[in-house]
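Asks: Residue numbers (my numbering), protein chains in the order written: chain A, 7 to 135; chain B, 638 to 1015; chain C, 7 to 274.
Where hints are given, some of them may not hold.
Okay, derived cross-link-like pairs now, PhoX-like style, lysine-lysine, Cα gap no bigger than 20 Å in a straight line [said to hold, decoys possible]:
1. C:Lys274 to C:Lys164
2. B:Lys868 to A:Lys135
3. A:Lys135 to A:Lys81
4. B:Lys868 to B:Lys738
5. A:Lys124 to C:Lys189
6. C:Lys60 to C:Lys74
7. C:Lys74 to C:Lys115
8. B:Lys868 to B:Lys1002
9. C:Lys164 to C:Lys189
10. A:Lys54 to B:Lys1002
11. A:Lys36 to A:Lys135
12. C:Lys219 to C:Lys189
13. C:Lys189 to C:Lys269
14. B:Lys927 to A:Lys81
15. C:Lys219 to A:Lys124
Listed below are several chain A residues computed to face chain B (Cβ distance under 10 Å; list not exhaustive) [as the list claims (entries may be wrong)]:
16. Leu47
17. Pro49
18. Val52
19. Ser53
20. His106
21. Met107
Derived from the structure by calculation, the hints contain no laboratory data.
The C-beta atom is built at its ideal place from N, Cα and C for all residues, glycine as well.
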Amino acid sequence: MRLPAVLILVAGLSGTAFACGTGGSQMVAKEPTDLQIFATLEPITVSKPFGVELILCGDASDLTVKADAWMPRHKHGMNYAPVVSAEGNGKFNVSNLVFHMPGLWQVRIEVRNADDAKPNTYLLDVEVK
Amino acid sequence: MRQLLKSTLAVCALLLLAGLARAEVILTPDEIEQTLAHGPWPAVQAPDPSNRVSGNQRAINLGRRLFEDPILSRDGFMSCATCHQPDQNFTEGLPRSMGRKLLDRNTPALLNLRAHRWFGWGGDSDNLWAQTMLPILHPDEMDNTADNIKATMERGPYASDYRLLFGHAATQSSETVLVNVAKTLAAYQETLMTGNTSFDRFRDALERGDALAASSYPRSAQRGLKLFLGKGRCAFCHSGPNFTNGEFHDAGVPYFLGPGRVDAGRHAGLKTLLSSPYALDGAFSDDPHKSGAWAVRSVIPTHANFGTFRVPSLRRIAQTAPYMHDGSLADLDAVVAHYNEINTERLHADGEQLLRPLNLSSQDKEDLVTFLKSLSDD
Amino acid sequence: MSRVLLTILAFVFAFPAFAEKLPIFDAHIHYSHDAVQLTPPEEVARILREAGVKKALVSSSDDDGTQKLLAAAPEIVVPALRPYRRRGSIGTWMHDPAVVDYLKERLAKYEYFAIGEFHAYGDDILTPVVQQMIAMARERNLILHHHGDREALDLIYKTWPEARVLWAHSGFAPPGEVADALKTYPRMWSDLAFRSDMASREVLDPRWERVFKAYPDRFMVGTDTFAPERWYYVGSHAEYSRAWLSQLPDDVARMIAYQNAEKMLATK
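The shape of chain A in the complex, shown without the other chains:
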């Protein structure tokens, strides 16, 4: 027996040092916020694992980041739990994302404060051939 991988990590961070807004696609926040997320996706092949680099711009201290993805037209998600690792200074790597169908996927990044007071979700639409 074994466990699905851990997918939530708490980042004990203070501020960001990456060049914000200089690379990646800006994700759309569901709720208005000062924190921005830029996502850089590895090339995607259907049913193969790939990774995403996230750059959090703004106050990224003590945040919990969770990754998921969803096919809105098909109403299903992924079959594997992605792994989120905090690299420091507002950078997170997400691995083991697997889009098992071609079509429109929505990457969902959920960000929470330590006190869970202001959860927010960031979305990015990705069309997979």
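Go by the hints and put chains B and C onto chain A.
Replies: Frame of chain A; chains B and C shown alone:
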């Protein structure tokens, strides 16, 4: 001057021909892009890092002989090849396999297996050698034990081959010998590949921009391909060069096995997988990096797994009837009819929104079957 | 990853009978026409008893299945009346006036504790058929077992503010949105049928855990036997429920496992 005229005429003829040929490719640019994702073929095949004898010719030879030898069953009753018959594309031609008794599922073809992430209709294993052990030990199939296999490898006709590959069986645990035997069988099965098809030639011609070559792919098959990619919604699951996404879905096929018995599909497969010591994160994998173990570590069990089955490859599909996990559909016409008239009442209202009645015409159905037939080597 | 940290969930997927049986009130069960044909009521009753399902809110398309199962397992079955005869009517029943006659006929003939599970999204609730159905439930003070979105839920409460609503699948909404609905409507309960996100990974999802602890008296579990074969999932589902519930405080686990459903039925 005459030579120049001749050359000019030849070029014009070629251009005309090319123009006509282009007209014979009826796919849109988007469909061409989707088509390219179904190749190239054959795929580049690397050895299996979890199996140290993967790609080893001695192991392949031993695996081939063992595959066809009933010596691996408890009493010589059957071999792997009894159900996976080499002259029938390693299937059996029956709806459900006949082991020591009628089994619950259709014998899957053993083709292009290196491309798989999960093995068996329920995905009981994440690697080929682990999957290969299951029928050897199953009481309704070969019904053998690790101790018997060890005794055979110590003293039987394969003892010297085994020793050359793995050392003396006598010095190894029964479990280790069983795993090693399964690894030789896997090494052999990995070599069972399908070849280039008319679809692949069409796809490759599109990639090269060779309209003339592409135009030799029949129009009916092209129309079928358009349906496959579009209205038929087939390519959502039958994706990639091997025409499968390797995952598990509810195709609307009933899964009762008889009164009081159902085939739980992926739900049961996950039970086996998650309790198996032979998965890719286990000690029997020869891969020090455990590179394929991410899947077993991160797969998510859900209620929707119950009664779902692995999407089969469509390569050489026309030669591997009957179809579906229980072999309940006799031919490709029946498969197309099944999806065309799918009973969505069987599916959860908030489950995957993939399948729906297709409203295909007779011509559509014929075209789709023509396309499916073009996925066999010719 | 340490195997000491195995989730009870993963354990259950491998060994389904490890836990002492916590009684289960399965709040989302169907015994529809095709299931009736394939699995007799006595067999279904045996499945429920063997799974440790002490009570079950049963609704079926058509309703004959519920009545047959009630006769076979009267100590378990809590009958609910589904407003349509075939599952295929899920998206159309609200436009079919014959539904009203069907409801009247069945309500006159049999006793029910709920109307549902019915599927209705957004302003489906405003159609005359659904409005009449709600009026019939109101006359008899029956629970509404509603499968749909928040907009429809809001319209149900606008139509009948004192309704007791069991929100099927918790609307498939994220835990935060479910919490908001529970906060907004004190007479609403939430079933967790066909959801695996509460504990589908390593441990009980912390977001869900917070909501369960904030509203321990409002949730219940359910299998949702939407296809005939899924009756053979009832046992596995009960074990799955026990496994994730065991990660909550005992009193909360008991409430979600069966007490909340009993309280919902007893609430007037």
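Asks: Given the hint that lysine 274 (chain C) pairs with lysine 164 (chain C), test it: the Cα-Cα distance must not exceed 20 Å.
Replies: Answer holds: lysine 274 (chain C) to lysine 164 (chain C) is near 19 Å, not above 20 Å.
Asks: Would you mind confirming whether the straight-line C-alpha gap from lysine 868 (chain B) to lysine 135 (chain A) stays at or under 20 Å?
Replies: holds, 16 Å
Asks: Tell me if the straight-line CA distance from lysine 189 (chain C) to lysine 269 (chain C) falls inside 20 Å.
Replies: holds, 18 Å
Asks: For a C-alpha distance cap of 20 Å, please report whether lysine 219 (chain C) and lysine 189 (chain C) respect it.
Replies: holds, 13 Å
Asks: Check the hint pairing lysine 868 (chain B) with lysine 738 (chain B) against an upper bound of 20 Å on the C-alpha distance.
Replies: violated, 41 Å
Asks: For the pair we were handed, lysine 164 (chain C) and lysine 189 (chain C), check the Cα-Cα distance against 20 Å.
Replies: Holds, at about 16 Å.
Asks: Between lysine 54 (chain A) and lysine 1002 (chain B), does the CA-CA distance stay at or below 20 Å?
Replies: violated, 31 Å
Asks: Can you confirm whether the C-alpha distance between lysine 36 (chain A) and lysine 135 (chain A) stays at or below 20 Å?
Replies: Distance ~26 Å between lysine 36 (chain A) and lysine 135 (chain A) Cα, so the pair is violated.
Asks: Please check whether serine 53 (chain A) passes as an interface residue: C-beta within 10 Å of a C-beta belonging to chain B.
Replies: holds, 5 Å
Asks: Could you check if methionine 107 (chain A) really has its C-beta closer than 10 Å to a C-beta on chain B?
Replies: Status holds, d = 5 Å.
Asks: Does the alpha-carbon distance linking lysine 219 (chain C) and lysine 124 (chain A) stay inside the 20 Å limit?
Replies: holds, 19 Å
Asks: Under the criterion that the straight-line Cα-Cα distance not exceed 20 Å, is the pair lysine 135 (chain A), lysine 81 (chain A) satisfied?
Replies: holds, 18 Å
Figure legend: structure checked against the earlier numbered hints; hints not met, in rising order: 4, 10, 11, 14, 16, 17.
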